Amino acid sequence: MSSVLYDAPGPRAKRRNVLLSILFFVLLALLLWWLWEKMDDKNQLEWALWEPFTTSQAWTTYLLPGLADTMKAAALSMIIALPLGAFLGISRMSDHRWVRVPAGAVVEFFRAIPVLLLMLFANELYVRSSDISSEDRPMYAVVTGLVLYNASVLAEVVRAGILALPKGQTEAAFAIGLRKGQTMTSILLPQAVTAMLPAIVSQLVVIVKDTALGGVMLGFTELLNARSTLAANYANVVPSFIVVALIFIVVNFILTSFASWLEGRLRRSKRGTGAVLAPDDVEDNPAAIPGSYGTGQAV
Amino acid sequence: MFDFLEGYDVLAAFWLTIKLTVFSAVGSLVWGTMLAAMRVSPVPLMRGFGTAYVNIVRNIPLTVIIVFTSLGLADIFGMTMGASHDFNLQGFRLAVLGLVAYTAAFVCESIRSGINTVPLGQAEAARAIGLSFSQTLRLVILPQAFRSVIGPLTNVLIALTKNTTVAAAIGVAEAAFLMKEMIENEAQTLAIGAVFALGFVVLTLPTGLLLGWLGKRLAVKR
Amino acid sequence: MKLRKVSAASAAVLALALAATACGSDDKDDTSSGSSGGGDKIKIGIKYDQPGLGLKEPDGSFSGFDVDVATYVAKELGYEPNQITFVETKSADRENALARGDVKFIAATYSINDERAKKVDFAGPYLLAHQDLLVKKDSDIAKGADLNGKNLCSVTGSTSAQNVRDKIAPKANLKQLGGYSECISALQSGAVDAVTTDDSILAGFAAQDKYKGQFKLVGEKLSNENYGVGVKKGDKATVDKINAALEKMVSDGAWDKAVTENFGPAEYKNEKAPKIGVIVK
Numbered sequence: 001m002s003s004v005l006y007d008a009p010g011p012r013a014k015r016r017n018v019l020l021s022i023l024f025f026v027l028l029a030l031l032l033w034w035l036w037e038k039m040d041d042k043n044q045l046e047w048a049l050w051e052p053f054t055t056s057q058a059w060t061t062y063l064l065p066g067l068a069d070t071m072k073a074a075a076l077s078m079i080i081a082l083p084l085g086a087f088l089g090i091s092r093m094s095d096h097r098w099v100r101v102p103a104g105a106v107v108e109f110f111r112a113i114p115v116l117l118l119m120l121f122a123n124e125l126y127v128r129s130s131d132i133s134s135e136d137r138p139m140y141a142v143v144t145g146l147v148l149y150n151a152s153v154l155a156e157v158v159r160a161g162i163l164a165l166p167k168g169q170t171e172a173a174f175a176i177g178l179r180k181g182q183t184m185t186s187i188l189l190p191q192a193v194t195a196m197l198p199a200i201v202s203q204l205v206v207i208v209k210d211t212a213l214g215g216v217m218l219g220f221t222e223l224l225n226a227r228s229t230l231a232a233n234y235a236n237v238v239p240s241f242i243v244v245a246l247i248f249i250v251v252n253f254i255l256t257s258f259a260s261w262l263e264g265r266l267r268r269s270k271r272g273t274g275a276v277l278a279p280d281d282v283e284d285n286p287a288a289i290p291g292s293y294g295t296g297q298a299v
Numbered sequence: 300m301f302d303f304l305e306g307y308d309v310l311a312a313f314w315l316t317i318k319l320t321v322f323s324a325v326g327s328l329v330w331g332t333m334l335a336a337m338r339v340s341p342v343p344l345m346r347g348f349g350t351a352y353v354n355i356v357r358n359i360p361l362t363v364i365i366v367f368t369s370l371g372l373a374d375i376f377g378m379t380m381g382a383s384h385d386f387n388l389q390g391f392r393l394a395v396l397g398l399v400a401y402t403a404a405f406v407c408e409s410i411r412s413g414i415n416t417v418p419l420g421q422a423e424a425a426r427a428i429g430l431s432f433s434q435t436l437r438l439v440i441l442p443q444a445f446r447s448v449i450g451p452l453t454n455v456l457i458a459l460t461k462n463t464t465v466a467a468a469i470g471v472a473e474a475a476f477l478m479k480e481m482i483e484n485e486a487q488t489l490a491i492g493a494v495f496a497l498g499f500v501v502l503t504l505p506t507g508l509l510l511g512w513l514g515k516r517l518a519v520k521r
Numbered sequence: 522m523k524l525r526k527v528s529a530a531s532a533a534v535l536a537l538a539l540a541a542t543a544c545g546s547d548d549k550d551d552t553s554s555g556s557s558g559g560g561d562k563i564k565i566g567i568k569y570d571q572p573g574l575g576l577k578e579p580d581g582s583f584s585g586f587d588v589d590v591a592t593y594v595a596k597e598l599g600y601e602p603n604q605i606t607f608v609e610t611k612s613a614d615r616e617n618a619l620a621r622g623d624v625k626f627i628a629a630t631y632s633i634n635d636e637r638a639k640k641v642d643f644a645g646p647y648l649l650a651h652q653d654l655l656v657k658k659d660s661d662i663a664k665g666a667d668l669n670g671k672n673l674c675s676v677t678g679s680t681s682a683q684n685v686r687d688k689i690a691p692k693a694n695l696k697q698l699g700g701y702s703e704c705i706s707a708l709q710s711g712a713v714d715a716v717t718t719d720d721s722i723l724a725g726f727a728a729q730d731k732y733k734g735q736f737k738l739v740g741e742k743l744s745n746e747n748y749g750v751g752v753k754k755g756d757k758a759t760v761d762k763i764n765a766a767l768e769k770m771v772s773d774g775a776w777d778k779a780v781t782e783n784f785g786p787a788e789y790k791n792e793k794a795p796k797i798g799v800i801v802k
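Protein chains in written order, with the numbering used here: chain W, 1 to 299; chain S, 300 to 521; chain H, 522 to 802.
Everything labelled a hint here was simulated from the structure, so no lab data went into it. Do not rely on the hints blindly, as some may be mistaken.
Stated by the list, open to error - To be clear about the criterion: a stretch of chain H counts as covered by chain W if any three or more of its residues have a C-beta under 8 angstroms from a C-beta of chain W, and this derived list gives those stretches: (1) 676–689; (2) 765–779.
To be verified - Some residues of chain W that are not near chain S, with every Cβ distance over 12 angstroms (derived): (3) N17; (4) T70; (5) L84; (6) R97; (7) P102; (8) F109; (9) F121; (10) S202; (11) R267.
Computed from a prediction, not measured in an experiment: that's the story for all the values here. Even glycine gets a Cβ: it sits at the ideal position worked out from N, Cα and C.
With the sequences and hints as input, model every part of the structure.
Shown next, in the form of structure tokens:
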């Protein structure tokens, strides 16, 4: 548990750390106690409000179908956005200006616009000029918005993944006489996919969270929307929000853990080139460089 | 051609978007830095709290957080944010609070990765001349870390700008709120979509370019 | 070597994704098979989240006044309850769902007005509701004007919210939330002093077990809402059949029974059954 940021604590530092711990603990406990009291005050802790979540019907009628729709929209978006993103990302690295520039423009444009606006817009477009039934339309609108946005993000993931490969790979490929297309498909892409997998999985977390936008603004029957039908039945608005938040946390935590497990595994594997994009590289922090400071946190 | 804009104050809506962005950006930078400091601090409990906070908040949809500020913080916990008699103002402040709580998790992760880019020798040298943990962090590590994470923080800022649209869910009349209203009332869907898309491109692209340039200039040469 | 590992991993991801998709689409097929089923099934649009009017129950069945009316009308049109597929039609989607023929008719707190009558045809009205206020049992709010300076809740962007701000109590402090159940929850916790929308909707919430006896309707008639059955524009034959069914429902007492069953516990004083084709402005 040692870190280069501070020395191994001596007796005085130990005492200070213990004191700080206690102070912090007391503050935290006070905050939690206050939250609990207030909840109790407003009768939000009554068992009657929480009891529905122990019945199977609350899950089979509302929450699980909602979760299924959430996952369905997320999976569809990912499956469509991935090839589209790969196409855009590779186009952006083309030697031809007329391919590179439009691809770059598309990527930058859709990355600049909020997903919510894309969804609202797609929804209205489908209402006016398509033959999609009003039951399915919110799903189409949500998936359209997510695909447009995430294809642009994934395009950058793909580009970063290929650029992260050692230059020697391309040079060697050219040296043995492969064409540009062959170099890309049989040398660069297969290696880049390895490097990109963690980043792709963690992008899935972003997609899962973003489906909730469709639930509130478009009436897409995902988890958050299923919650409102549930709360109309059991009159437990606040508890239902807490339960739904927990479901999201669990689902996304599984995805994030999978991403970091994958990253660690790929990084360790000796046969690889060693180039791995950390889960957060593209969306949050491209500067992420594997922990040189052993502070011991798991992701 | 632009007669569909009549009767709608698009600029006012975007001004609200900008205000949401600026207030939330400042707040999340402060809170995010504090979280990052906790995550690398010598006190195990603080480290645990920082880690737990980031992992929980990152995995909840922003929509849930924003709606919860209104239903939970305001209604249950009675936090009126100094605006108990004006729900419009209250909604705005609650939205800022929600955005800060959410964005800070990403700011924290960016800064933490920035801390990792500072060579070990810097921290070792700082300790060797007898600096304490907080001195090492404040005087040596963070100044360098900040300069190397301008790029990632820019991405967080752009994401934040776009995320302000979620505030529409609790009735804050920013750009997405107005767009939904206009789309329902007017016929020119495409034109309305284009106007709002353009608005966001105008807001985010220059920010990205400017800060990207700044990041390159300020980066610590190694 | 490497390729195989990669493809194995991507295959796993893909399989997972497909599995999720497959589960989802199975559900969808169940509900949408009605449209292809043709003559022996009927699709009706209702609300899913309004107790007393249209509510999806934990066991997957549906309850409420709109549902009872829809079931009765369907029976008169020649469909047994087990031939009905209820579909959720959100407020903003109702015109579109009818125009596209996704549903045969809609009974979902659908107020008749000129704007809507341009896009769809209405049978009925079958219920006359009014915009009203729901307050706590011990509240001193007795009329609309009392709301000035008080905290009021309504659903984001709804017409009843605008109505209060423009006409009834311009100085009321309006909180906008995503749904009525959120508003009712805010009323219960004391964050707002009143909730406003149609009295039928408010009565439905107030009649719920968890809220029984806590709230009262003020009894103000701030507007007239004539609930009609929405039918595709130009489908005169169906409108006539539904009108006949509604008249029969009133005359054989089923209408009164449905009102008492769904709104009874909330001390909701309903209007008499409206005359078919007479719209109270």
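Tested hints:
1. 676–689: violated (count 0)
2. 765–779: violated (count 0)
3. N17: 5 angstroms, violated
4. T70: Violated, since 10 angstroms does not exceed 12 angstroms.
5. L84: 19 angstroms, holds
6. R97: 20 angstroms, holds
7. P102: Non-interface label stands for W/P102: nearest chain S Cβ at 16 angstroms, farther than 12 angstroms.
8. F109: 7 angstroms, violated
9. F121: 4 angstroms, violated
10. S202: 10 angstroms, violated
11. R267: The claim stands: W/R267 keeps its Cβ more than 12 angstroms from every Cβ of chain S (closest is about 15 angstroms).
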